[in-house]
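**Q** Spelled out from the first residue to the last, the chains are:
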Amino acid sequence: MAYKTFAAIDVGSYELAMKIFEISPKKGLREIDHIRHRIELGTDTYNTGKINKERVEEVCQILRSFKEIMKSYRVEEYKAYGTSAIRETENTTIVLDMIRSGTGLNVDVISNSEQRFLDYKAIASRGETFEEVIQKGTVIVDVGGGSTQISLFDREVLIGTQNLRLGLLRLRERLLNFQAGATERMSLIREQVDNQFEVMKRLYMDGRKIENIIFVDDYLSLIMQRPELGFSRVGFMTRKECDNLVGRMRSESIMDTARFLGISEERAFLLYISLEMMNRIMELLEIRMIWAPAVCLCDGIAYEYAEKNRLIKLDHDFEQDILACARNIAERFKGNEARTVLMENTALKIFDSTKKVHGLKPRHRLLLQLAARLNDCGKYISMSNVGECGYSIIMSNEIIGLSHTEREIVANIVKYNRADFEYYSAVRTQTALDRDSYLIVAKLSAILKITDGLVRSYREKFSEVKTTLKDRELSIVINTSEDLTLELGLLGPKADFFEEVFNVRVNVLQKRI
Amino acid sequence: MTKKGKTEKAEKKGSVKSKIKDFTDPSLYTNRELSWLLFDNRILGEARDKNNPLFERLKFLSITASNLDEFFMVRVASLKDMVHAGVNKRDIAGLTPEEQLVKIYEATHDLVDMQYSTYNRSLVPQLEHSGLHIIGHHETLSKEQHEYLDRYFDENIYPVLTPMAVDSSRPFPLIRNKSLNIAALLKKKGGGKEDMEFATVQVPSVLPRFIELPGDLFADEMKNHLILLEEIIEQNIDKLFLNYDVLCAHPYRVMRNADLTIDEDEAEDLLEEIEKQLKQRQRGDAIRLEVEEGIHKKLLKILKQELDIRQEEIYSINGPLDLTFLMKMYGMKGYEDMKAKPYTPQSVPELQPDCDIFEQIRKKDILLHHPYQSFEPVVSFIQQAARDPKVLAIKQTLYRVSGNSPIIRALAQAADNGKQVSVLVELKARFDEENNIVWAKMLEQAGCHVIYGLVGLKTHSKITLVVRREEDGIRRYVHLGTGNYNDATAKLYTDMGLLTCSETIGEDATAVFNMLSGYSEPKNWNKLSLAPLWLKDRFLYLIRRETGHARRGLPARIVAKMNSLCDRDIIAALYEASSAGVQIDLIVRGICCLKVGIKGVSENITVRSIVGNFLEHARIFYFANDTHPEVYMASADWMPRNLERRVEILFPVEQEDLKEKAIHVLKVQLADTMKAQVLSPFDTYEKVDRRGKQMISAQETFCNEAMELSRQIALSQSTAQTRVFIPETHK
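Taken in sequence, the protein lines are chains A and B.
Heads up, the first sequence is in the working numbering, so the first residue is 1 and it goes up one at a time.
Heads up, the second sequence is in the working numbering, so the first residue is 514 and it goes up one at a time.
Excised from the complex, chain A in its bound form (with noise of 0.2 Å):
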């Protein structure tokens, strides 16, 4: 048959879900089965910072009922995720481990970037809509349980994202806590988001006209997509029609809203902190227009899925919206935007001409690339530390699409082009790398490190090189006029190291013009 059964498992904070797809060349992603199960995860680990074993039973019971469903479609592959829940828990091992012992399914733990990228990815995959609607400035708010992410875009391409703890169960925790009536619950959670967007507008979102929201959560986009409620588009809503759904809902009780709308109180109530949150950063941003297209991680993930087994076309290209993302970051941190292009062309030529020693990926390309944009951000903060501050500066910024293994590598590579590289034995107890993670962190180090001897300067001496890799000897030939004496100056312990990682010389030849 033409088509593959695949399987998307979303162990999330307040539900676990799985989604059937069929995926084949010519149809593309069909769902043909979604089930959920309301499951709170995230209370667990927020309050505790534990999951409790009665509670990862019930995950296990849920999940292999989910296994009887897939056999029942008779499923190929699955690829099960945790989130926030099980990745910012105390016991996430050992959880783990209670679910593939108990379950036969190996869940995946998942940062939050590489969750948001997923939510990204199945925001795309709404494909027209999703392209009509970036034309113009637009953030997308992200609302899980535990966070919120803001990603701005600027003329269709991602420029930002940052990741707020304001997540609906947290708030509700905050709510209940605080035993708030009608009229506080109101201020506190315009309060709350208040505070967590005063400075994501300052950063990213001052003198850029924002018009749409594309907004993702479980309660008010669900809300949108139904007709009878009489929103002027079914998955859309006007600045207007949100202010009238804020004030009927201030104006009842929850009881009343989860009757008017046929839901139980308990979504209701998620419901009415989504739509308060949403209602003012409406207003915070003067927005005209909210899309929500009813997506989930599930379809994120299967998506990923497609995209990497070649059974999709892409209509989007994310790697475009990761670079942009450490574009934005290297201008907020006064990087050299000519030397940073130098930098990325030059080291990925090298990257490029060396495949047959480094035996690399193009994911580490792109990893490179981005190191290369970043490398000296750490200025900013200090002009003599700067690997240091520029490691910090990266794992501190959410790059959107990026695991945390990825970032983490991204910043050691930063880190070790201005810094003595250290062998994995030195920092084997301080790193959060594995031993291969590291020795890609190595591999691109060197190459980033050669390159950054070559543009060592902030005049722009040459405008591209030539390279070859012939007999363990790689020729970087650079056509320029300049003089080069402090790049050859200063290349030599960085061509020592490169020879070191790859049993590679390092040439260079300067080719007048």
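A hint or two may mislead.
What the hints assert, rightly or not - Below, simulated PhoX-like cross-link-like pairs (lysine-lysine); rule was C-alpha separation at most 25 Å, straight line:
hint	chain 1	residue 1	chain 2	residue 2
1	B	K563	B	K846
2	A	K27	B	K1040
3	A	K461	A	K334
4	A	K26	B	K903
5	A	K79	A	K4
6	A	K4	B	K903
7	B	K903	A	K67
8	B	K903	A	K27
Treat the hints as calculated values from the structure; they're not laboratory data.
This one's a predicted model, so the numbers in the text were calculated from it and none came from an experiment.
Following the hints, position chain B against chain A.
**A** Structure of chain B alone, referenced to chain A:
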């Protein structure tokens, strides 16, 4: 005037009219119990209708009796519970439970009088005229006839009787619910008048209710002579009490509030309250006592006292108690000419025997109309799925099924063939609880995954999902119906069903079963609307949309067919629609709490009820929606229990030809002049004024149409088979 001009004018007019009216006034509504009694009266009307074949009239009379029994056991019992619990909450018509009971007793006494007047004055003489003699009293029999019955008593009845006397050492026995008994006053032989004792004996339900006497005992030319079992026992009652003289003996029947479950039609908060109260009091109170007319005063006094029953709860019966025996009589052979011609459900043109049902559904959606069309395709749908190697899973909801159901067998076979079979069994289907438990266990043993539904909600929806893995991917086939998956009742109940493989309905069907399995509801529904969460809002939306259209001067009309209409919100929305100018035609078989002809409220509403040989059961809803009519079908009536406390499904019929077919069904029902009765502004139902109108019986019309369609198909098939190709010869 331009359309815009018209619209503006209508809007202006509408804005005056649309000033929100208060539709909460109880005088705008009819009490549901009294409306139900009107329905039983309409059935009684069929028993009285001389145009109906005699045995059909017997059947209708029997139905009124069994209906009334159910009414007492469920509704009256429930109201009495409320009274006991001190609940004074007023109903839709503003009546307290106590007030409702008063009106119910009044109406039921009239109804019972009418039942027996029909039996005695109309049916018994007619039966006699047709050669069937029902012996009313054993006292009228000859010596030979007596001797025959005495022998019958000694050999067949006596061994199963348990007479019980009551005195100071023997308390009054528990008289079983719905049982027929004979009460007697005894006097010890040689004792004084003051030594009178009470005794009772149950008429055994294991024996046939009536016995046929040999024709040679009679000199007349009657075909059959029947006598009721209680008469034979009465004739021989002194054999049960040997040392006593039997002063008198009379049959009586008790109905009890023995069932501890509370009727789900009551509001949830009430149920909790009543349940609490129930726990605190003696259970099994008598709620109705039927006694033979002329019963000895002393006997009646004892019964009244011992059963703790009030005067208005006593029904003095002029004839045999418990007329449900007439249904058995209907089954007697030799009277076929006095019954309606039996109808054989016709085959469905698209689904000829041995066809690949999945292939046919892929071609187009198929609408089934039972019992005019056979239920066999529905059974076959599941049977084929059970055998088909491409089928991965079968999921079905079951509410009531027949004994030895072919559907259950097919599901078990499917599980045996390795399919994933999930069956939602509703254990709480009223009066079918035990039956359902038996076959639910059977399905479990066969390897099916049996789900027992959602806590607190009866699953009343009728849906089957077959998941099939085909060349181009998973395809889902769905059957949605208005009636149960019961091949036996499908021959008697009028219902409609849709077979489809629409992707969107398939997605929704999958979500329905996920929900019923305990998973969360889907994020969004494509086509289906489900109770209790979304259905009522959906109906209100559809009604209000028509209201809006009417106010803007656009075409607006609602035609809705259902079994009962008693949801206040829906009725209020209909009143609002009517006052905005929407023409509303309702075909409501049973309870209807809506009133017609109220100025400014329901002048544009008509209500009709059809009672025929088949039980009207389909729920069909038509909304004009300007010029884009929408047709829906559902498992739900417009009742609070369906809309708020059950899992029900509303599905659209979207394919144009099928939509036309459904609209045709509604049109024919609205044109019925034979079996339809129309609700008048005086809250009575009147036969349609036939003057100048064609004689149309909707049920007969559908039978004829289905037969004609079958005939045409058979003809076209035989023509195709006999067509012979004659080659042209070259000369």
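**Q** State for each hint whether it applies.
**A** Here is how each hint holds up against the structure:
1. K563/B to K846/B: Distance of about 22 Å is within 25 Å: holds.
2. K27/A to K1040/B: Judged against 25 Å, a Cα distance of about 22 Å means the pair holds.
3. K461/A to K334/A: holds (21 Å)
4. K26/A to K903/B: Holds - the C-alpha atoms of K903/B and K26/A are around 22 Å apart, at most 25 Å.
5. K79/A to K4/A: holds (13 Å)
6. K4/A to K903/B: Roughly 16 Å separates the two Cα atoms, so the pair holds.
7. K903/B to K67/A: With Cα atoms ~20 Å apart, K903/B and K67/A stay inside 25 Å; holds.
8. K903/B to K27/A: It holds: about 21 Å lies between the C-alpha atoms, which stays within 25 Å.
Going down the numbered hints, you'll see the structure goes against none, and every one checks out.
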